[in-house]
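Q: Each chain, letter by letter, is given below.
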Amino acid sequence: MQCEKFEQRLQQLLDDRKNFEQDDMLREHSRGCDACGWVLRTQSRLFAGLRSFPEPSFAQDLGLRVLDQLRIDRRKRNNKRLWMAALATAAGIMIALLSLAGDHVRFRQQGQQRGGGLALVTPAPRQMPAGRLTEQESEDIRWLMHQLILRISDQRFEMFEPVDQLASGIRPLAVTFNFALDTLRRTLPGYSRPQPAEPEVFYRSFRISIS
Amino acid sequence: MEDLRILVSRCLEGEQSAMLALVERFQGRVFGLCYRMLGNREDAEDAVQETFVRVLKNLAKWDHERDFEPWLFAIAGNRCRTALASRRRRPTSHAFIEPLPDHRPDAAPARDLGEEVQLGLEQLRSDYRQAFVLFHQHELGYEQIATAMSRPLGTVKTWIHRARRELIRFLQQREVIEDTSYAVRKV
Numbered sequence: 000m001q002c003e004k005f006e007q008r009l010q011q012l013l014d015d016r017k018n019f020e021q022d023d024m025l026r027e028h029s030r031g032c033d034a035c036g037w038v039l040r041t042q043s044r045l046f047a048g049l050r051s052f053p054e055p056s057f058a059q060d061l062g063l064r065v066l067d068q069l070r071i072d073r074r075k076r077n078n079k080r081l082w083m084a085a086l087a088t089a090a091g092i093m094i095a096l097l098s099l100a101g102d103h104v105r106f107r108q109q110g111q112q113r114g115g116g117l118a119l120v121t122p123a124p125r126q127m128p129a130g131r132l133t134e135q136e137s138e139d140i141r142w143l144m145h146q147l148i149l150r151i152s153d154q155r156f157e158m159f160e161p162v163d164q165l166a167s168g169i170r171p172l173a174v175t176f177n178f179a180l181d182t183l184r185r186t187l188p189g190y191s192r193p194q195p196a197e198p199e200v201f202y203r204s205f206r207i208s209i210s
Numbered sequence: 000m001e002d003l004r005i006l007v008s009r010c011l012e013g014e015q016s017a018m019l020a021l022v023e024r025f026q027g028r029v030f031g032l033c034y035r036m037l038g039n040r041e042d043a044e045d046a047v048q049e050t051f052v053r054v055l056k057n058l059a060k061w062d063h064e065r066d067f068e069p070w071l072f073a074i075a076g077n078r079c080r081t082a083l084a085s086r087r088r089r090p091t092s093h094a095f096i097e098p099l100p101d102h103r104p105d106a107a108p109a110r111d112l113g114e115e116v117q118l119g120l121e122q123l124r125s126d127y128r129q130a131f132v133l134f135h136q137h138e139l140g141y142e143q144i145a146t147a148m149s150r151p152l153g154t155v156k157t158w159i160h161r162a163r164r165e166l167i168r169f170l171q172q173r174e175v176i177e178d179t180s181y182a183v184r185k186v
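So the protein lines, in turn, are chains A and P.
Residue numbers for the first sequence follow numbering that gives the first Met the number 0, beginning at 0 and rising by one.
Residue numbers for the second sequence follow numbering that gives the first Met the number 0, beginning at 0 and rising by one.
No lab work stands behind these hints: they were computed from the structure.
Being a predicted model, the structure only gives us computed values, none of them experimental.
One thing to keep in mind: the hints can contain errors.
[Stated by the list, open to error] Derived DSS-like pairs (lysine-lysine); straight-line CA-CA distance at most 27 Å:
#1 LYS79/A x LYS60/P
#2 LYS79/A x LYS156/P
#3 LYS17/A x LYS60/P
#4 LYS4/A x LYS156/P
#5 LYS75/A x LYS56/P
#6 LYS4/A x LYS17/A
#7 LYS60/P x LYS75/A
[Stated by the list, open to error] Output of the computed footprint for chain A on chain P, the stretches with three or more beta carbons under 8 Å from beta carbons of chain A:
#8 11 to 22
#9 76 to 85
[Unchecked claim] For the chain P half of the interface with chain A, some residues (derived, Cβ under 10 Å), not all of them:
#10 VAL47
#11 ALA59
#12 HIS63
#13 PHE67
#14 ASP111
#15 GLN117
#16 PHE134
Even glycine gets a Cβ: it sits at the ideal position worked out from N, Cα and C.
Using the sequences and the hints, build the whole thing.
A: Given below as structure tokens:
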């Protein structure tokens, strides 16, 4: 057997994961060839090392840790959804308010008057003339506004709570949001408190609700 | 294979006990790969955890017609490479292992030889190491390894061959195996 054939056979046995140490052809050649004998010995030594690899044990609660991690990830994903829902609600309120205002807000291009660039929404200087809506229409609007505010205010603090655990920057937004709701509520007929509450009240309420 | 498909289906339905069973079925082999890749238990456990979280989140993407293990080991290999990359980016207190002779007696216990091979593995390129471990330790076929590593079969064969060669060189430098003039010619 030639050295080249020896190497090819050794590689083939390694590829096939067969026991090259007990192969008669390789052993016979290596007895008469020092270089190939050395190759066989070094490969044997390497595989002896592989067989005696230290096998460290691993934590037996890995499966439970994986499930815990999945739960945390799922909660984060849900919180993100809740946050998006809160944003969508806020946007919805804005749209509802603008729609209800109808003709009574006008868009003024500030740039035309002051040289700025932003279009701002500003209330019209004159308030809504009472005679333009029928009594029934006015009642319908009041009822809708009442329902809208009630639904939102029922869970206004709770809806921010999960988001606050991840991003405490939501607090000023939540306070502002609740302040705006309170202001809106005070415009409803029959609401007793004429003065607006201080923003700190909402901030304190928010902190209490999440503590 | 059929029981694995059933187990996966149950996982996809959100059954927690099935998820736990899936992890327990493969955690030993995944840990073996991660430990060989990363060289310490804590990092390996983290990589195993990340691997299974990823596997369970993406289980619907597994093609039932294909072997599960190459897909699983592909994810584990990616996690290990990510861990190695972040380890390179942050300063480490691990001392660099110099390939110096340690003058231990020739008849060193087999356990020491195993530790030397583990040290040698840590010096290999990560892709050589992954291919070598999957072939010689996990007994995956060349094609399965090529699938797991998204590399051509020939490349994988070359990597495994080079890994063996570099390991022998490392063991020579450490004087764990005899060093002769043949070494230059043959290895």
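Q: Please go over all the hints and tell whether each is borne out by the structure.
A: The hints, checked one at a time:
1. LYS79/A x LYS60/P: Given that 27 Å is the threshold and the Cα spacing comes to 24 Å, the pair holds.
2. LYS79/A x LYS156/P: Outside the cut-off at roughly 46 Å; violated.
3. LYS17/A x LYS60/P: Roughly 35 Å separates the two Cα atoms, so the pair is violated.
4. LYS4/A x LYS156/P: holds, 19 Å
5. LYS75/A x LYS56/P: Roughly 14 Å between the alpha carbons, so the hint for LYS75/A and LYS56/P holds.
6. LYS4/A x LYS17/A: holds, 17 Å
7. LYS60/P x LYS75/A: Holds. LYS60/P to LYS75/A sits at ~22 Å (cutoff 27 Å).
8. 11 to 22: Per the Cβ count (4), the hint holds.
9. 76 to 85: violated (count 0)
10. VAL47: Because about 6 Å separates VAL47/P from the closest Cβ in chain A, which is inside the 10 Å limit, the hint holds.
11. ALA59: Status violated, d = 14 Å.
12. HIS63: Violated, because the Cβ-Cβ distance from HIS63/P to chain A comes to roughly 22 Å (cut-off 10 Å).
13. PHE67: violated, 16 Å
14. ASP111: Interface hint status for ASP111/P: holds (9 Å vs cutoff 10 Å).
15. GLN117: holds, 6 Å
16. PHE134: Hint on PHE134/P: holds, closest Cβ of chain A at ~8 Å, below 10 Å.
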